[in-house]
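Number of protein chains: 2
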Amino acid sequence: MAINRDWQKSMQIKVDYNNMMAEFIGDEQGFTDKEISAAKKIADEAYKNVAANRGSGMMGWTELPYNQDEIVKDIIDTAKGIRKKFDNFVVLGIGGSALGPIAVFNALCHLRHNELPKKVRKAPKFYVEDNIDPERMDALFDILDLDKTMFNVITKSGATSETMSQYLIIIDKLKKKFGDKAGEHMIATTSAQKGNLIKIAKAEGFKTFYIPDGVGGRFSELSPVGLLSAAVLGIDIKAMLKGAAFMDKLCKAKDVKKNPALISALLQYLAMNKGKNISVMMPYADSLKYIADWYCQLWGESLGKAVDKDGNAVYAGQTPVKALGVTDQHSQIQLYREGPFDKVITIIAVENFRKETLISKGCEDFPDVSFLCGHTLSELINSERKATEYALTTAKRLNYTITLPEVNAFTIGELLYYFELETAYTGAMLNIDTFNQPGVEGGKNATYALFGRKGYEATKAEMENAPKKKSDYII
Amino acid sequence: MAINRDWQKSMQIKVDYNNMMAEFIGDEQGFTDKEISAAKKIADEAYKNVAANRGSGMMGWTELPYNQDEIVKDIIDTAKGIRKKFDNFVVLGIGGSALGPIAVFNALCHLRHNELPKKVRKAPKFYVEDNIDPERMDALFDILDLDKTMFNVITKSGATSETMSQYLIIIDKLKKKFGDKAGEHMIATTSAQKGNLIKIAKAEGFKTFYIPDGVGGRFSELSPVGLLSAAVLGIDIKAMLKGAAFMDKLCKAKDVKKNPALISALLQYLAMNKGKNISVMMPYADSLKYIADWYCQLWGESLGKAVDKDGNAVYAGQTPVKALGVTDQHSQIQLYREGPFDKVITIIAVENFRKETLISKGCEDFPDVSFLCGHTLSELINSERKATEYALTTAKRLNYTITLPEVNAFTIGELLYYFELETAYTGAMLNIDTFNQPGVEGGKNATYALFGRKGYEATKAEMENAPKKKSDYII
Numbered sequence: 003m004a005i006n007r008d009w010q011k012s013m014q015i016k017v018d019y020n021n022m023m024a025e026f027i028g029d030e031q032g033f034t035d036k037e038i039s040a041a042k043k044i045a046d047e048a049y050k051n052v053a054a055n056r057g058s059g060m061m062g063w064t065e066l067p068y069n070q071d072e073i074v075k076d077i078i079d080t081a082k083g084i085r086k087k088f089d090n091f092v093v094l095g096i097g098g099s100a101l102g103p104i105a106v107f108n109a110l111c112h113l114r115h116n117e118l119p120k121k122v123r124k125a126p127k128f129y130v131e132d133n134i135d136p137e138r139m140d141a142l143f144d145i146l147d148l149d150k151t152m153f154n155v156i157t158k159s160g161a162t163s164e165t166m167s168q169y170l171i172i173i174d175k176l177k178k179k180f181g182d183k184a185g186e187h188m189i190a191t192t193s194a195q196k197g198n199l200i201k202i203a204k205a206e207g208f209k210t211f212y213i214p215d216g217v218g219g220r221f222s223e224l225s226p227v228g229l230l231s232a233a234v235l236g237i238d239i240k241a242m243l244k245g246a247a248f249m250d251k252l253c254k255a256k257d258v259k260k261n262p263a264l265i266s267a268l269l270q271y272l273a274m275n276k277g278k279n280i281s282v283m284m285p286y287a288d289s290l291k292y293i294a295d296w297y298c299q300l301w302g303e304s305l306g307k308a309v310d311k312d313g314n315a316v317y318a319g320q321t322p323v324k325a326l327g328v329t330d331q332h333s334q335i336q337l338y339r340e341g342p343f344d345k346v347i348t349i350i351a352v353e354n355f356r357k358e359t360l361i362s363k364g365c366e367d368f369p370d371v372s373f374l375c376g377h378t379l380s381e382l383i384n385s386e387r388k389a390t391e392y393a394l395t396t397a398k399r400l401n402y403t404i405t406l407p408e409v410n411a412f413t414i415g416e417l418l419y420y421f422e423l424e425t426a427y428t429g430a431m432l433n434i435d436t437f438n439q440p441g442v443e444g445g446k447n448a449t450y451a452l453f454g455r456k457g458y459e460a461t462k463a464e465m466e467n468a469p470k471k472k473s474d475y476i477i
Numbered sequence: 003m004a005i006n007r008d009w010q011k012s013m014q015i016k017v018d019y020n021n022m023m024a025e026f027i028g029d030e031q032g033f034t035d036k037e038i039s040a041a042k043k044i045a046d047e048a049y050k051n052v053a054a055n056r057g058s059g060m061m062g063w064t065e066l067p068y069n070q071d072e073i074v075k076d077i078i079d080t081a082k083g084i085r086k087k088f089d090n091f092v093v094l095g096i097g098g099s100a101l102g103p104i105a106v107f108n109a110l111c112h113l114r115h116n117e118l119p120k121k122v123r124k125a126p127k128f129y130v131e132d133n134i135d136p137e138r139m140d141a142l143f144d145i146l147d148l149d150k151t152m153f154n155v156i157t158k159s160g161a162t163s164e165t166m167s168q169y170l171i172i173i174d175k176l177k178k179k180f181g182d183k184a185g186e187h188m189i190a191t192t193s194a195q196k197g198n199l200i201k202i203a204k205a206e207g208f209k210t211f212y213i214p215d216g217v218g219g220r221f222s223e224l225s226p227v228g229l230l231s232a233a234v235l236g237i238d239i240k241a242m243l244k245g246a247a248f249m250d251k252l253c254k255a256k257d258v259k260k261n262p263a264l265i266s267a268l269l270q271y272l273a274m275n276k277g278k279n280i281s282v283m284m285p286y287a288d289s290l291k292y293i294a295d296w297y298c299q300l301w302g303e304s305l306g307k308a309v310d311k312d313g314n315a316v317y318a319g320q321t322p323v324k325a326l327g328v329t330d331q332h333s334q335i336q337l338y339r340e341g342p343f344d345k346v347i348t349i350i351a352v353e354n355f356r357k358e359t360l361i362s363k364g365c366e367d368f369p370d371v372s373f374l375c376g377h378t379l380s381e382l383i384n385s386e387r388k389a390t391e392y393a394l395t396t397a398k399r400l401n402y403t404i405t406l407p408e409v410n411a412f413t414i415g416e417l418l419y420y421f422e423l424e425t426a427y428t429g430a431m432l433n434i435d436t437f438n439q440p441g442v443e444g445g446k447n448a449t450y451a452l453f454g455r456k457g458y459e460a461t462k463a464e465m466e467n468a469p470k471k472k473s474d475y476i477i
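Protein sequences, first through last, are from chains V and L.
According to the numbering used here, the first sequence holds residues 3 to 477 in order.
According to the numbering used here, the second sequence holds residues 3 to 477 in order.
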C-alpha cells in the first residue's frame, strides 16, 4: 500500500461533536461556544502538560510511532518465521497485554479468521488467553496441536500471577513433549531489565521482545506487545504506526477547536463536571467491537483515581461501557434514550465497509419488510446509525461521532493513538496521575495472603480479623 | 440426571448480601437492618404486584417453567432430527432472540465447541447472527456449507428489520441452491397469529415454533426462542425449566429476607435512590460471560424508562455494565475501587468448576512466581474472587455475591429466572412499565424514514428540518 500524503489525508478520521452542543441538544444538556471558550485555559494547560511530558516518565508511549525501526524489522522477520512454521499463535497475557492484540486482530483480520481453511487464512489461528478459568484452559488444550503452536507470554513485570500461572502450566507441557526444544515454542515479551520473566527467558533461551519502561500496559498496543501478534497475522504494522504518527501530527494543533483529541477530552471533562459519570463506546461495525473493550481499560484504569496529584480525595473517573451498533439498539438504546441523563455516547462510524451484501427481494406482499429489499446491508447499518444519532439527539442525550473512512491498519493506528492522547489530556485536566493503578494492589495483596505467600502475613491477619459474615444475609 | 429433591437443594444458588450492609461496608455507603425494615412496605407491594400479575399481560414468562410439556416434546424431537442431519445451526435474531441463546450455549457447551472435531462435539456448530454488518454476513458465508446448515429465524413481530434482512438474504440463497427444498433449512420462531413471519412461514412450509403473546423478547429465553437451540446443542432443557421452577418456588417467600430475588431488588432499588446509577455484573467464570450480556438487556431495557405508570417524568434506570473476573481486575477494578461511589457490583461465583488444572512447578528461584506452584487454577480464580470482594469491601464499595454450586442446566435455569424476577420486582418498586420499550421506536422510525418507507414522510420531513450540522464542530 502506497501511503502518500493524499492517501493519508483521505484516511483521516473525523470527530463530529455537533450533538454535544446546546444548539443541537438543548441548553440544559449541551455545551455552548462560550463554555468551551471559558474552558480554554483548562485545555491549554492540559495541552502543555502533555507536550511537556511526552516521551518521558510513563509517557514513553508517545514516541512508539517514531522510535521502533529496528524493533519493527526484528518483529517482521520473526513473524515471517512463525507464519511458516506454526498453525496457532497463542498470547498469554491479561489486561493491556491482551486487549490491544484482541482489538487489532478483530479489526483487521477476517471476522471468522480461525474458522477459515488454512489456505485462505494464510496466517496462524490466533488465541488470546486472558483468564485463568480452569475450564477455559482445559478447553484450549482440547483443540491445540502443540507441535504447531507458538506461545507468546506477555507481562512487563514478569510477575503477573495469571499470566505466570499459564506460563508454568504450558512450559511444563512443552518440556514434557519437546524436551530441550521447548523454548522454540515460546516468545517472551517483557521488561528488558526488571522482573523474573526476562531472567527465565534468558535461562531458557527464548526469543524476547522488550516493553519500554515508560510504556504501561494499557498504552502498550503499539509496542512489541501488540505489534508481534499483528505481524504474525499479516497486518501491516508499519501502516499502523504511520496512522498513529498521522494522528499525533493532527493533535499538535494548539487550538482546542482544531485538535481532535483535545476537544474530545475537554467535552468529556466538562460532561463529567456536569455529572455524566458514564461513557458509552458504541462502534457500528463488528470489526471494531473489541476496540471498545480496549478503550474501557484505557479510560477506566487511567481516570478512575481516588486522589489527585495534590493528594486531595477526588474519586474521579467515568465508567466506560461497551456497546455495539446496531445490536445494542435492541438492548441498551431504550435506557440511553429514556433513562437518566448520565451519559456521553460515542458512536464510531465506518464510511466504507470492506464487503457488501444486497438485501434480496422476496416479500413484496409485506410492506413492513419489502421496503428493505434492494438496499444493501451497508445502507442499513449506516442508516440505523444515523437514526440512532437522531433519536439520541432529539431526546437531548449527549453524543458525538468518530468516523473512519474505512477500517485498515492506518486508521486503526490513528484511532488507538487518538484515544491514548484523549485519555492523557483528560487525566491532565482532572489533575490526576493517569498512568498508575494503585487500586489494583489491594486485590493482589489479598490473593497473595490467601495463597500464603511470604511477606503477606499482615494482610492475611487483617483478612482473618475482618467481621465474620452473617448467615442471615445469605439466602 | 436424576433431579430429586436433595439434589435440587444441593444445587440451590445463594445470594450473599453481607457487603451491601453498613456493618461490613460502613455507614455512609451501606444499608442497615433498620433501613430494610423501613422499606418492608415497598418490598411487600412489589411482591404483591408481581404475584397478582403473574401469568397475565406481559407476564406470561412466569409460567414458562410449567406450561410447555407439549412444546418441549416437539422441540426435543425436532432437535434430534437436526442433530442427525446438520453440521451447523444458525440463529437469525437480535436482542432477546440472540442474547439468551448465546448465554446458554456459552454456559453449557464446551468453551471451544465450534472448534472441536465433529466426533467430540456431537452437536452442530452454533452461530448467532445478531448484527447486519455486511462484513460479518459475508464472513459467515465464507465458512458455512449451506447443505449442512439449518437456520432458525426468530422475531416475535415478524417485522424486525435486521432479522428480516438476514432472512431475505438467506432464503434467497437457499432457494437458488435447493429450489423447493429450501424450506427444509429454515425454522421460524415467531408469534402464532401476529406479523408477517408466521404468514411467510406457512406459505413456505417452514417448521414453526411460537412465542407466546405475554412473553417479551428479553424474557423469552425459557420459551422456544431459547429452548430450540439449547436442545439442538444437547442441553437438558427439562432440567433448565426445573431449575427455573425451583427458583420460582424459593421466591414464593413473602418475607423479603427469605426471598432472594426480592431482597436483591430491594437493595438495588435503595441503592438507586442513593444515586448508584451503575450495576456491574461480574461473573468469575468464562462460561458465564454472556449471562452478563443477557442481563444487560434485561436490566437496561426493563428499567430505563422516562415516565412512571402515573405519567410522571422519572428518567429511571440503572446502567448495566458487564465485566469478567479475573480478566477485568486488570482493566476495571482500579476504577471500581477508587472512582466515584456510583456502583453496585454483583459478583457471580462458581463453587465447583467442571475441569481442573494444576499449576506446575518450575520457578523455584523466583518467590513472586513460585508461590503459585502446586495450587490449582480453581483455587487461583476463587481466591482472586474473594480477594476482589475483600478489596471492594475495604474500599466501601457496595457488592454482593451470587454463588452457583456448579454450572449446569438446572443452575442456569435458576439464575435466569432469578434475574427475571428481580427485574420484575425492581420495576414494580419504581412504579414503571417493566415490559415495554417505547424508546426504541424513535430510532426505528428514523430508519424507516431514511429508507423512504411509506407512512414515514412526517418523520422524514422532521429529520430534514433538523438544524444543519456545523462544519466547525467536525475536526
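Be careful, since some hints might not be right.
Where chains are identical, the list cannot tell them apart; a pair therefore holds if satisfied intra-copy or between any two copies.
As the list claims (entries may be wrong) - Quick list of in silico lysine-lysine cross-link-like pairs, DSBU-like style, CA-CA up to 30 Å:
1. Lys75 <-> Lys209
2. Lys472 <-> Lys324
3. Lys36 <-> Lys260
4. Lys11 <-> Lys470
5. Lys471 <-> Lys278
6. Lys278 <-> Lys43
7. Lys388 <-> Lys179
8. Lys86 <-> Lys50
9. Lys471 <-> Lys209
10. Lys357 <-> Lys183
11. Lys196 <-> Lys470
12. Lys150 <-> Lys124
13. Lys472 <-> Lys16
14. Lys324 <-> Lys276
15. Lys11 <-> Lys446
16. Lys276 <-> Lys470
17. Lys175 <-> Lys124
18. Lys324 <-> Lys179
19. Lys175 <-> Lys120
20. Lys201 <-> Lys254
21. Lys183 <-> Lys256
22. Lys177 <-> Lys42
23. Lys120 <-> Lys75
24. Lys388 <-> Lys178
25. Lys150 <-> Lys178
Honestly, the hints are just simulated from the structure, not real lab data.
Between copies, within a copy, both or neither: which fits Lys357 and Lys183 at Cα up to 30 Å? between (43 Å within a copy, 29 Å between copies)
When no copy is specified for Lys388 and Lys179, does a C-alpha distance of 30 Å or less occur within a copy, between copies, both, or neither? Close neither inside one copy (55 Å) nor across copies (35 Å); limit 30 Å.
Is it within, between, both or neither when you check Lys75 against Lys209 at 30 Å Cα-Cα? Result: close within a single copy only, 15 Å intra versus 58 Å inter.
Please sort Lys278 with Lys43 into within, between, both or neither, judging by C-alpha distance up to 30 Å. within (22 Å within a copy, 32 Å between copies)
Since the copies are identical, ignore which copy is meant and state whether Lys150 and Lys178 lie within 30 Å (CA to CA) inside a copy, between copies, both or neither. Within. Shortest intra-copy distance 15 Å satisfies the 30 Å Cα cut-off; inter-copy 40 Å does not.
Using 30 Å as the alpha-carbon threshold, which applies to Lys11 and Lys470: within, between, both, or neither? between (62 Å within a copy, 25 Å between copies)
Please sort Lys471 with Lys209 into within, between, both or neither, judging by C-alpha distance up to 30 Å. neither (49 Å within a copy, 53 Å between copies)
Cα distance capped at 30 Å. Does Lys324 pair with Lys179 within a copy, between copies, both, or neither? neither (41 Å within a copy, 39 Å between copies)
With 30 Å as the alpha-carbon cut-off, assign the pair Lys196 and Lys470 to within, between, both or neither. Neither way: Lys196 and Lys470 sit 40 Å apart in one copy and 56 Å across, limit 30 Å.
Give the relationship of Lys150 and Lys124 under a CA distance limit of 30 Å: within one copy only, between copies only, both, or neither. both (14 Å within a copy, 25 Å between copies)
At most 30 Å between CA atoms: does that hold for Lys201 and Lys254 within a copy, between copies, both, or neither? neither (40 Å within a copy, 60 Å between copies)
Checking an output row: Lys36 and Lys260, CA cutoff 30 Å. Within, between, both or neither? within (16 Å within a copy, 56 Å between copies)
Hint compliance for this structure: hints 7, 8, 9, 11, 15, 18, 20, 21, 22, 24 are broken, all remaining hints hold.
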